Amino acid sequence: MIIVVGVSHKTAPIDLREQLALSVEVAAELCQRLTQNVEVAEAFVVSTCNRVEIVAVPSEVTEPLACARVCTRLLCERHAQLEQYTYVQVGEDGMRHLVRVAASLDSLVVGEPQILGQLKAGFELARSQGTVGAILHRAFSLAVRGAKRVRRETSIGTGQVSVPSIAVQLAGQIFGDLRGHRVALLGSGDMGRAVANLFAEQGAKLTVLGRSLERVAAVTAELGGEAAMMDQLPRVLSEVDVVVSSTSSPAHVIALKELKRSLKARRGRNLFLIDLAVPRDIEPGIGQLDGVFLYNIDDLSQVATESAQARRREADRATALVEEVVLRWERAWQAELATPVIKALRSRMRHAFHVEMDKSLRGRLKGLDEEQRAALQKMIDAGVNRLLHAPTTQIREEAARGGGEAVDEVLAMLTDLFALGDLVSLDETDSLLPGEAPSGGESLTSAPEHAAPQETAGPRAVVKTPAPAQMGIDDEPNADEKASDSSPVACARARFSGA
Amino acid sequence: MQTLATVSFSLGTIAYSIASTLFFLGLTRRSVTGPPGRAAQVLAVGACLHALHLITAALVSKVCPVESIHFALSFTALVTVVVFLLVRRTRAMDPLGVVVSPVALTFLVAAQFVGPTSAPPELSRALLSLHITASMLGFGVVLLAGAASGFYLFVERRLKSKRLAQVGRLPSLDSLDLVGHRLLLLGFPLLTFAVVTGGIFFAQLPDAGGASFARAMLGYATWTLVAGVLLLRALLGWRGRRSAYGTLAGVACLAVILMVYVLRPLLGGVA
Chain H
1 MIIVVGVSHK TAPIDLREQL ALSVEVAAEL CQRLTQNVEV AEAFVVSTCN RVEIVAVPSE
61 VTEPLACARV CTRLLCERHA QLEQYTYVQV GEDGMRHLVR VAASLDSLVV GEPQILGQLK
121 AGFELARSQG TVGAILHRAF SLAVRGAKRV RRETSIGTGQ VSVPSIAVQL AGQIFGDLRG
181 HRVALLGSGD MGRAVANLFA EQGAKLTVLG RSLERVAAVT AELGGEAAMM DQLPRVLSEV
241 DVVVSSTSSP AHVIALKELK RSLKARRGRN LFLIDLAVPR DIEPGIGQLD GVFLYNIDDL
301 SQVATESAQA RRREADRATA LVEEVVLRWE RAWQAELATP VIKALRSRMR HAFHVEMDKS
361 LRGRLKGLDE EQRAALQKMI DAGVNRLLHA PTTQIREEAA RGGGEAVDEV LAMLTDLFAL
421 GDLVSLDETD SLLPGEAPSG GESLTSAPEH AAPQETAGPR AVVKTPAPAQ MGIDDEPNAD
481 EKASDSSPVA CARARFSGA
Chain A
1001 MQTLATVSFS LGTIAYSIAS TLFFLGLTRR SVTGPPGRAA QVLAVGACLH ALHLITAALV
1061 SKVCPVESIH FALSFTALVT VVVFLLVRRT RAMDPLGVVV SPVALTFLVA AQFVGPTSAP
1121 PELSRALLSL HITASMLGFG VVLLAGAASG FYLFVERRLK SKRLAQVGRL PSLDSLDLVG
1181 HRLLLLGFPL LTFAVVTGGI FFAQLPDAGG ASFARAMLGY ATWTLVAGVL LLRALLGWRG
1241 RRSAYGTLAG VACLAVILMV YVLRPLLGGV A
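Residue numbers (our numbering), protein chains in the order written: chain H, 1 to 499; chain A, 1001 to 1271.
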C-alpha cells in the first residue's frame, strides 16, 4: 500500500509553502526519522517549490492511518498551521496521486517537465539513506514509466506556457539551434532580463544596450555578455539575430526608417524582435518588413494561453493513461496475494515427496549412488512443479484479473485442505510483480538496498481495510480496521492490499 | 526477372504509400507513428525496392534507364528520395517527407503509363544518356529544393501571422533556407550540363517541332531562374522568401518540361 501525505500549491498558499521547502539535508533527515517509527516501513520525500510530500509504505503491523498520522506529524512538525492544508491519499488513491504527480498532471503548470527529475532526486536521496524498500521501488518505477508514457503518447508537454520560454521557442523556430546566435537586450526590465537569461542558457551571445553605463554594467554582471550604449543601436541591429526590448521609454526605441537602413547591411538574414514594453518600444509597422518577425507582449501572452488550453485538453487523455497504470498496479498486488499460499503448497508437496523418498532411499533404493539420488530428487521437484504449474498459473491470472473473493476462497480452501497455515510467511518479499522487471534504461536504481519490513513478533494484523479513499488526517481507526484474523490470506491481504 | 520487377514495383508502391501516411501522421499527430524516424525507414525500404524495380524492369525490357522517359521519370523520383534521405541525416528535415513520399509514389506509378519511346537516330546515344541522367538528377535535387522552399514559405507565413499551430513540428526557417540553397548549388551544375546538351540536341534536329522548342525554352528558363536565385543571393543577399519564390518558379518550369515529355507520345512528338 502507498500512502501520500503532503502540501501543494492546490491546498496551501505560497507563503506557507515557502517555509516548508526542504533542503537536501533536511529531507534526508526526515526520511530517516520517518522510518525510525514502527508505523513506517519505507518512505521518501518530494520537495519542490510547489509541493512537499511524503510517500510512504506502512509497516505490516500497523494500520495505514497510523502511518499517515506519523507522516503528517513529522511533515508539520516545524509549522503547526500547515496541518489544515495537508492532504492524505491512501492505497489506490495514493498510487494514483504518485503517478499523476510524476506525469505533471498535478503541477502548477500542467505538462512541465521538471517534476519527474525532482521526484527522482527525492527517491534517490531516500535510497541513499536506506529508507526505500521493494514496494516503494516497484511503485516508483511504475509511476515513472507511466509518466513517460503520458509524455510520449499525449501532447501534454508540447508548447510553452511562459513568456520567456515562448520567446526562445519562437527564436528556435526561426533560427534553429541558438548556439552562437546573437541577442541584443535593450533596457533592464525584469521580463526582458528573464528572456535574455533564457537565451544565454541556450548558448546565445548577449549584448546589453542602455542609456546608463551603470545599469548596463549591472545587467551584464548578472547575465554576462557585452555592454554597449544605445547610440550603437543601428550597428547592433545589423549584426544581431534577436532583439529583446524592455525599456521604459515613452517613445519608440526602434523606428521603421532606422531599421530599414540596418536591414540593408543584414543581407537578408532573418531578424526576430521581441517587444516586451508597454508602451511599445518597437514601431508596429516593422513587423511587415520582409525577413523581420515582431512579437509584442500581447502576442506572447496569447501563445501562452493557447498552449495552456491545449495542455489542459491533453490532460484528459493523460488521466486515462494514469488510470491504466493504477489498475495495473492494483492487479499486480492482487496477484501477489496468492504467492505465500502457492509457495506453501509447493513446499508441502515437496516435503511429502521427500519424506517418502528418504524412506525408500533407506530401504529398497539404498543401493543408489549419489548421482542417482540427486537425479531422483530432481525428478520429484520437477514433478511437483509440473503438477502445480497449471493450477497456480490460473490462480495468479485470476487474481491479476481482479478475481478478489473467488481467489480468496480458493486460497482458503487450499490452505485448509493441505494444512498450510503454519507454512505461510509474511516475509514473501523475494517475488516480483508479474511483468514488473524494470526495463533497460529506465531502471532508477539497482536492487533496493533496504530490505522489506521486518516481521515482528505479535499477532498478525488486519483482516479488512475499507476501499481506498481520501481520508482526513483526524480519522480514528475504526473497529473494523483492528485485526484479529490470522489466516494466511488475510495476512497476505493485510500485507499488500489497498483495495 | 519479370516477376521480380512486378513484385518490387508493387512492394515499392506499398512502401511509399505507408511512408507518405506516416510522414503525414507524424506532422499532424505526435503519438501515432511510433519511434522517430520510422517513416524515413519505410521510405528507405521503398527506395530500395524502387531501385530494384528500375534495374529489373530495364533488364527485362532491354532498355537503358537513362535512354527512356519511361525510366527517367521513375529515376527522378528515386533521386529525390535518396537525396532527401541523405539530407535528413544532418538536418531535421523529416516534414519534407510529406512532399517527397507522395511525389515518389506518383512518379513511380505514373511512369508505368508512359510508353517507351525511341530516340531519333541523329542524336548520339551516349550523349543522350548523359543528358537524361543529368536532367533527372538535377530535376530530383531541384524538386527537393522546391519542397524546402514551399515549407519555408508556409512556416514564414505562419510566424508572420502569429498562427503557430503545427509550426513547432516543422524545421526552422534558417534550416529550410540553407537546405534549399545547398540543394540548388548541387543541382545547378547538373542542370547546366542538361541545358547545354539539350541545346546541342535541339540544334541537331533538323525538323524539331513546337514541343521540342517549348522544352528547350523552358529548360533555359529554369536554368536562368536557378542561376538568378543563386546569383542574387550571393550578390545582394536575396535569401529567405525571395529565394523560395525563385526556386518554386524553377520547379514549376521543370514540372512543365516533364509534362511535355510525358505527354509527347500522345501529341505525336519527337525527341
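These aren't lab readings, by the way, just hints derived from the structure by calculation.
Quick caveat: nothing in here was measured; it's all calculated off a predicted structure.
A few of these clues could be false.
Result set (EDC-like, lysine to aspartate or glutamate): computed pairs, CA atoms no more than 16 Å apart in a straight line [what the hints assert, rightly or not]: (1) A/K1160 to H/D416; (2) A/K1162 to H/D299; (3) H/K205 to H/D231; (4) A/K1160 to H/D177; (5) H/K148 to H/E324; (6) H/K148 to H/E323; (7) A/K1160 to H/E226; (8) A/K1162 to H/D298; (9) H/K343 to H/D298; (10) H/K205 to H/E226.
Just some of the chain H residues that point at chain A, by a computed CB distance under 10 Å [said to hold, decoys possible]: (11) Q118; (12) Q169; (13) F175; (14) P250; (15) N270; (16) M357; (17) L361; (18) R362.
Quick look at which bits of chain H chain A covers, simulated, 3 or more residues with Cβ under 8 Å [claimed, not checked]: (19) 85 to 93; (20) 262 to 269.
Just so you know, even glycine gets a beta-carbon here, dropped at the ideal spot from N, CA and C.
Verification of the hints:
1. A/K1160 to H/D416: Violated. A/K1160 to H/D416 sits at ~77 Å, over the 16 Å cutoff.
2. A/K1162 to H/D299: Satisfied, since the Cα-Cα distance of roughly 8 Å is no more than 16 Å.
3. H/K205 to H/D231: The hint is violated at about 20 Å.
4. A/K1160 to H/D177: Between A/K1160 and H/D177 the Cα gap is close to 20 Å, so the pair fails against 16 Å, i.e. violated.
5. H/K148 to H/E324: Roughly 13 Å between the alpha carbons, so the hint for H/K148 and H/E324 holds.
6. H/K148 to H/E323: holds (14 Å)
7. A/K1160 to H/E226: Not satisfied, since the Cα-Cα distance of roughly 30 Å exceeds 16 Å.
8. A/K1162 to H/D298: Cα-Cα ~11 Å, so holds.
9. H/K343 to H/D298: With a Cα-Cα distance of about 66 Å, the restraint between H/K343 and H/D298 is violated, given a limit of 16 Å.
10. H/K205 to H/E226: OK: H/K205 and H/E226 at ~8 Å, within 16 Å.
11. Q118: violated (24 Å)
12. Q169: Holds - the Cβ of H/Q169 comes within 10 Å of chain A, reaching about 7 Å at its closest.
13. F175: Since the shortest Cβ distance to chain A is 5 Å, the answer is holds.
14. P250: violated (26 Å)
15. N270: With Cβ-Cβ at 6 Å, under 10 Å, it holds.
16. M357: violated (54 Å)
17. L361: Violated. Min distance 58 Å.
18. R362: violated (63 Å)
19. 85 to 93: Coverage by chain A is violated here, the residue count being 0 at a Cβ distance below 8 Å.
20. 262 to 269: holds (count 4)
Hint violations for this structure: numbers 1, 3, 4, 7, 9, 11, 14, 16, 17, 18 and 19, all remaining hints satisfied.
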